[in-house]
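Novice: Could you put together the complete structure from these sequences and hints?
2 protein chains.
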Amino acid sequence: MNATQRIEQALANALECWETNGIDPPRLAAAMRHAVFPGGARIRPRLCLAIAAASGDPDPDVTDAAAAAIELMHCASLVHDDLPCFDNARTRRGLPSVHTAFGERIAVLTGDALIVLAFETIAKGAAHQPERMLALLLTLSRGVGAPHGIVAGQAWECEPNVDLRVYQRAKTGSLFVAAVTAGAQAAGGNPIPWQALGERLGEAYQVADDIRDVVATAEALGKPVHRDEELGRPNAVDQLGLDAALERFDSLVAKASAAIPRCAGAPMLRQLIRAEAQRLIPEEFQRRAA
Amino acid sequence: MNATQRIEQALANALECWETNGIDPPRLAAAMRHAVFPGGARIRPRLCLAIAAASGDPDPDVTDAAAAAIELMHCASLVHDDLPCFDNARTRRGLPSVHTAFGERIAVLTGDALIVLAFETIAKGAAHQPERMLALLLTLSRGVGAPHGIVAGQAWECEPNVDLRVYQRAKTGSLFVAAVTAGAQAAGGNPIPWQALGERLGEAYQVADDIRDVVATAEALGKPVHRDEELGRPNAVDQLGLDAALERFDSLVAKASAAIPRCAGAPMLRQLIRAEAQRLIPEEFQRRAA
Numbered sequence: 001m002n003a004t005q006r007i008e009q010a011l012a013n014a015l016e017c018w019e020t021n022g023i024d025p026p027r028l029a030a031a032m033r034h035a036v037f038p039g040g041a042r043i044r045p046r047l048c049l050a051i052a053a054a055s056g057d058p059d060p061d062v063t064d065a066a067a068a069a070i071e072l073m074h075c076a077s078l079v080h081d082d083l084p085c086f087d088n089a090r091t092r093r094g095l096p097s098v099h100t101a102f103g104e105r106i107a108v109l110t111g112d113a114l115i116v117l118a119f120e121t122i123a124k125g126a127a128h129q130p131e132r133m134l135a136l137l138l139t140l141s142r143g144v145g146a147p148h149g150i151v152a153g154q155a156w157e158c159e160p161n162v163d164l165r166v167y168q169r170a171k172t173g174s175l176f177v178a179a180v181t182a183g184a185q186a187a188g189g190n191p192i193p194w195q196a197l198g199e200r201l202g203e204a205y206q207v208a209d210d211i212r213d214v215v216a217t218a219e220a221l222g223k224p225v226h227r228d229e230e231l232g233r234p235n236a237v238d239q240l241g242l243d244a245a246l247e248r249f250d251s252l253v254a255k256a257s258a259a260i261p262r263c264a265g266a267p268m269l270r271q272l273i274r275a276e277a278q279r280l281i282p283e284e285f286q287r288r289a290a
Numbered sequence: 291m292n293a294t295q296r297i298e299q300a301l302a303n304a305l306e307c308w309e310t311n312g313i314d315p316p317r318l319a320a321a322m323r324h325a326v327f328p329g330g331a332r333i334r335p336r337l338c339l340a341i342a343a344a345s346g347d348p349d350p351d352v353t354d355a356a357a358a359a360i361e362l363m364h365c366a367s368l369v370h371d372d373l374p375c376f377d378n379a380r381t382r383r384g385l386p387s388v389h390t391a392f393g394e395r396i397a398v399l400t401g402d403a404l405i406v407l408a409f410e411t412i413a414k415g416a417a418h419q420p421e422r423m424l425a426l427l428l429t430l431s432r433g434v435g436a437p438h439g440i441v442a443g444q445a446w447e448c449e450p451n452v453d454l455r456v457y458q459r460a461k462t463g464s465l466f467v468a469a470v471t472a473g474a475q476a477a478g479g480n481p482i483p484w485q486a487l488g489e490r491l492g493e494a495y496q497v498a499d500d501i502r503d504v505v506a507t508a509e510a511l512g513k514p515v516h517r518d519e520e521l522g523r524p525n526a527v528d529q530l531g532l533d534a535a536l537e538r539f540d541s542l543v544a545k546a547s548a549a550i551p552r553c554a555g556a557p558m559l560r561q562l563i564r565a566e567a568q569r570l571i572p573e574e575f576q577r578r579a580a
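Protein sequence lines, in the order shown, are assigned to chains X and C.
Position one of the first sequence corresponds to residue 1 (my numbering), numbered consecutively onward.
Position one of the second sequence corresponds to residue 291 (my numbering), numbered consecutively onward.
These aren't lab readings, by the way, just hints derived from the structure by calculation.
Values in this document were obtained by computation on a predicted structure and should not be read as measured data.
Glycine residues also receive a C-beta, built at the ideal position from the N, C-alpha and C atoms.
Treat the hints with care, since some could be wrong.
What the hints assert, rightly or not - Covered stretches of chain X (in silico footprint by chain C; criterion: 3 or more residues with CB under 8 Å from a CB of chain C, positions within the stretch not fixed): (1) 105-115; (2) 122-130; (3) 156-168; (4) 212-225.
To be verified - One-sided and incomplete, this derived list gives chain C residues near chain X with beta-carbon spacing under 7 Å: (5) 315; (6) 395; (7) 409; (8) 436; (9) 449; (10) 504; (11) 520; (12) 521; (13) 570.
Specialist: Okay, here's the thing in structure tokens:
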């Protein structure tokens with residue numbers, strides 16, 4: 001199986017545990033499926049798999065569980081971010097957002113259930129490797145919870161005084177760092193050399209997100225645009241101007257590539273980062289990000 | 291330390307990890323504290339501790355982590371249940387509910403962060419006992435997630451056709467079963483003999499909740515009353531009448547006591563159940579529940 005197939009299969013397996021018993025609350029089950037399938041680029045689980053592969057990937061079941069858990073957390077955060085009290089986004093990935101399709105109550109519960117499922121997926125998938133299970137659980141909670149994870153990042157949006165770097169590192173960077181860390185840990189490797197790669201990618205992703213919010217169309221993006229301006233949130237294009245934001249993106253992508261430790265998987269990782277950089281920036285601006 | 295002190299200390303320890311670094315988003319940190327302290331009766335962690343004690347409690351650190359995790363999940367569920375899109379409860383435990391005090395966005399994030407913290411607490415507290423850690427993680431995810439946990443219970447409220455027993459078992463019973471199961475597992479014991487006790491207590495608790503919603507005052511309860519009628523939710527008093535509901539409560543409490551397995555801790559557990567039964571029903575109705 002290639003990476004895409006492994007990720008989709010691992011996510012399907014995680015959700016299936018809940019569905020085969022036939023007594024799920026049906027709307028919750030449908031909403032969870034809607035939140036996870038079809039996915040976006042699956043960049044975080046892709047990174048997780050790539051770094052595990054670069055570390056030998058001796059136990060693919062553990063790696064698959066780690067990759068699925070990271071993506072489930074990402075999906076949970078999107079469902080809650082889209083809620084009326086946050087971004088109030090009616091679309092996501094070109095489809096109705098979960099609360100648009102299933103109502104606000106089911107959307108809150110879907111996020112909750114996906115967070116629980118992420119931890120359950122690690123517990124089940126790494127049960128035969130207790131040390132790796134523990135490491136992955138702590139990576140997951142650090143990447144998602146307070147004080148540094150995506151939940152904390154979202155909470156900084158409710159504060160009057162915000163350190164932009166701390167906010168963006170928590171909101172976007174933390175799950176990228178978790179993805180690369182989990183990839184190394186799932187393979188029994190040392191996650192420390194990979195951390196800088198996760199950090200740079202997280203920063204690059206945040207800048208790209210800011211750029212797309214300003215220059216892309218809702219059709220191309222599959223979700224509302226100009227949200228940062230409407231919601232008064234910091235945006236790299238507003239702060240630096242479009243040219244400087246694009247330059248910053250290029251520079252971060254270059255730094256991410258340079259941060260890949262010397263290993264057999266390095267060319268494959270560089271290729272992954274190049275492809276992702278192209279996907280993240282609308283075509284007419286890609287000359288810079290080539 | 292007595293049970294109360296152990297529980298409060300374990301919860302304080304769990305929250306402290308997030309607070310000592312000083313860079314928490316301050317409103318999220320305050321809201322999490324508000325959601326957990328001061329607590330209610332802490333009946334679930336009390337049960338967890340009592341059953342671990344009845345099983346010898348060989349490793350109190352693991353037991354404390356399990357008890358704290360169960361209570362953190364309970365607090366998370368209250369925060370999300372109180373949200374405007376669910377119960378829209380402006381008070382809880384006699385104080386403003388989390389969304390009333392901190393706003394809806396922080397309330398959503400507080401619930402999320404407490405769920406993550408519950409898993410993290412198990413991972414950290416049982417790291418030296420990998421088998422127990424795994425058992426506790428699965429107990430926690432089963433008690434909280436879909437298809438049988440409290441999230442699923444809440445989701446049944448969004449369905450047109452509901453089996454009342456399945457709904458109540460998930461919404462209330464699941465975390466009681468998780469509490470007794472976790473108590474046995476934390477002590478390395480067999481959880482199966484304890485399951486019936488958790489189920490009966492969960493049912494009794496649900497009936498008591500229904501009774502109080504009808505007969506208690508908001509002042510005495512510290513939260514809004516008559517919510518089931520307003521929200522069109524099933525309530526044992528509406529279905530059976532008050533007398534029969536009180537009889538059902540008495541019968542469930544008696545069944546819970548009878549379900550305690552033969553063990554050294556049985557008298558202490560019976561005493562705990564008696565005290566809890568008295569606390570759950572307003573004084574003027576306690577003749578029946580004596």
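Novice: Indicate, hint by hint, whether the structure satisfies it.
Specialist: Hints, verified against the model:
For the segment 105-115 of chain X, the proposed coverage by chain C is satisfied: 8 residues have a C-beta within less than 8 Å of a C-beta in that chain, meeting the threshold of three. Counting residues of the segment 122-130 of chain X whose beta-carbon sits less than 8 Å from any beta-carbon of chain C gives 4, enough to reach three: the coverage restraint holds. Residues of the segment 156-168 of chain X lying with their CB closer than 8 Å to a CB of chain C number 5, which satisfies the three-residue condition for coverage. Figure legend: the segment 212-225 of chain X, annotated as covered by chain C; annotation inconsistent (0 residues with Cβ-Cβ distances under 8 Å, at least 3 required).
With a least beta-carbon distance of about 4 Å to chain X, the hint placing residue 315 of chain C at the interface is held under the 7 Å criterion. Because the smallest distance between the Cβ of residue 395 of chain C and any Cβ of chain X comes to about 5 Å, under 7 Å, the interface hint for this residue holds. The criterion of a C-beta within 7 Å of any C-beta in chain X is met by residue 409 of chain C, whose closest approach is roughly 4 Å, and the hint holds. Interface hint at residue 436 of chain C: satisfied, since its Cβ lies 5 Å from the closest Cβ of chain X, which is below the 7 Å cut-off.
At a threshold of 7 Å, the smallest CB-CB gap from residue 449 of chain C to chain X is about 6 Å, leaving the interface hint in force. The restraint placing residue 504 of chain C at the interface with chain X is violated, with a minimum CB-CB distance near 24 Å, outside the 7 Å limit. Below 7 Å, beta-carbon pairs count as interface contacts, and residue 520 of chain C has none with chain X, the closest being about 15 Å; its hint is therefore violated. With 7 Å as the threshold, the beta carbon of residue 521 of chain C stays out of range of chain X, its nearest partner Cβ sitting at about 11 Å, so the hint is violated.
Using the Cβ-Cβ criterion of 7 Å, the hint placing residue 570 of chain C at the interface with chain X is not satisfied: the shortest such distance is roughly 26 Å.
The structure is inconsistent with the numbered hints 4, 10, 11, 12, 13, although it conforms to all the rest.
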